[in-house]
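Engineer: On the provided structure of chain D, position chain V as indicated by the hints.
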Amino acid sequence: MNYAFEWGTILRAWPYLMQGLQTTLLLLVVGVVLGIALGTVLAICRMFGPRPLAALTTGYVNLFRSIPLILTIFWFYIMMPGVMRVLTGDPNLTVGPIYAALAALVLAEAAYFCEIVRAGIGSVRSGQMQACLSLGLTRWQALTNVILPQAFRNMTPSLLNQTIALLKDTSLVYVISMNDFLGAAVRIGQRDGRVVEVFIFVAVVYFVVCSAGTWLAGWLQKRLNPGKA
Amino acid sequence: MKNGDDMIEIKNVSKWYGDFKVLDDCSAVVSKGEVVVVCGPSGSGKSTLMKTVNGLEPVQQGEIRVADTVVTDRKTRLTALRSRVGMVFQHFELFPHLNVLDNLVLAQTKVLKRPLAEARERAMLLLRRVDMEAFSEKFPGNLSGGQQQRVAVARSLAMDPMVMLFDEPTSALDPEMVGEVLEVMMQLAREGMTMIVVTHEMGFARKVSNRVIFMDRGRIVEDCPKDDFFERRDERSERARDFLDKILQH
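Read top to bottom, the protein sequences are chains D and V.
My numbering numbers the first residue of the first sequence as 82 and each following residue consecutively.
My numbering numbers the first residue of the second sequence as 1360 and each following residue consecutively.
Note that these hints are calculated values from the structure, not bench results.
Nothing here was measured: the structure is a model prediction, and the numbers come from that model.
Each residue gets a CB set at the ideal place from its N, CA and C atoms; glycine is no exception.
Keep in mind that the hints are not guaranteed to be accurate.
What the hints assert, rightly or not - What follows is a set of in silico ranges between Cβ atoms, one per label pair, in the way DEER data are often shown:
#1 163(D) x 1422(V): 55 to 61 angstroms
#2 1474(V) x 139(D): 42 to 48 angstroms
#3 300(D) x 1521(V): 46 to 52 angstroms
#4 1371(V) x 131(D): 29 to 35 angstroms
One chain only, chain D, in its complex shape (with noise of 0.2 angstroms):
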């Protein structure tokens, strides 16, 4: 096989890209950041909250984990226009791709990440609920000083790998036709007859985001842990 590489093509198009990669940055910032805030609220509710409550969190978990991201996402930027202008009554509102993108991410990480918070909360002995009852501490005061500091140290390597998931579901904006960073490469590619190199970058960059994170992780983890060799 004959191909003359061609890199000028990424150089020329590096301001749109990383423009794209901002857009991917920022999708997947807010989404772990609102996903996790509002995962923990859902396993809260879930585990700790009233029948109802804790039945209408299930529901709302499992509907979210059985639809297809991609799909929510369609939805999202679908209906969100509509529900937003009966909402707030004004017939000319619109709703701008990113934020359809955002608000389907956040919503559809929050299932994800409320079972990973779930799952933390359970791997934290029941005895240290117990203890923190029996010296008179309340529920909330147990989980927020004692049994949630111990979940989120227990679960940084699911909530790692569920970011670096998220990392790559971003990409899926670009059924809404979306900016994001492969969304823009694909263009670039395409406009320059210079897929090929495009993909080799996006590809490369992926994955030194995503290793840098589990870095990040591990390095987290022992400080995270003193006392713990």
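Structural biologist: Just chain V, lined up with the frame of chain D:
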């Protein structure tokens, strides 16, 4: 009925897990300053009975009172009661993400609202009492089982409890560490602490306790002074004799 010296009163308490009756019409009284050992075969309900005293195990029938607080009254604020009833667990249950000092400080500041400096001072005083002051900056994972259990006792004492409950405090320990924990408990007993101790350490029961309660299948079968329990064996029920034979054989 209410006697000034009664610290804990358990009256006709029954509890079910589904169809299974874990506690069957249990009644007992513990006076102030008394040390009561609860023993019996595993699954006899002794830990469950003790955990009803601070409301960790709710009961379906009967009444439990600790000092002036009716534990079984739904209106009772259990957090206030629990802060005055210390509990020591079989598996220590220190908070692994906090160092020894912070383990003792947490509930003092959150529940009793003590200022941090005062809570620390109280914590160090109690660590000294269990001979663990040199370890205040260490994390639980770096301590031996015996050391962890002594810290756990100190953590409970930091709340100034009026009663201490011990749930098999030495059964998860290596044999050479049992003594140091029992020593701390004996010292507490000598100082007049009211204690309920679920244990298989019959040596401790003989030496320190005032009374022995023997349970079997959710019932209190024996409740008698320790000398009667150990020395007048022929007056005991068959089940208690059987249990004693097995446990004292070795």
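Engineer: So, against the hints stated earlier in the document, which numbers end up violated here?
Structural biologist: none
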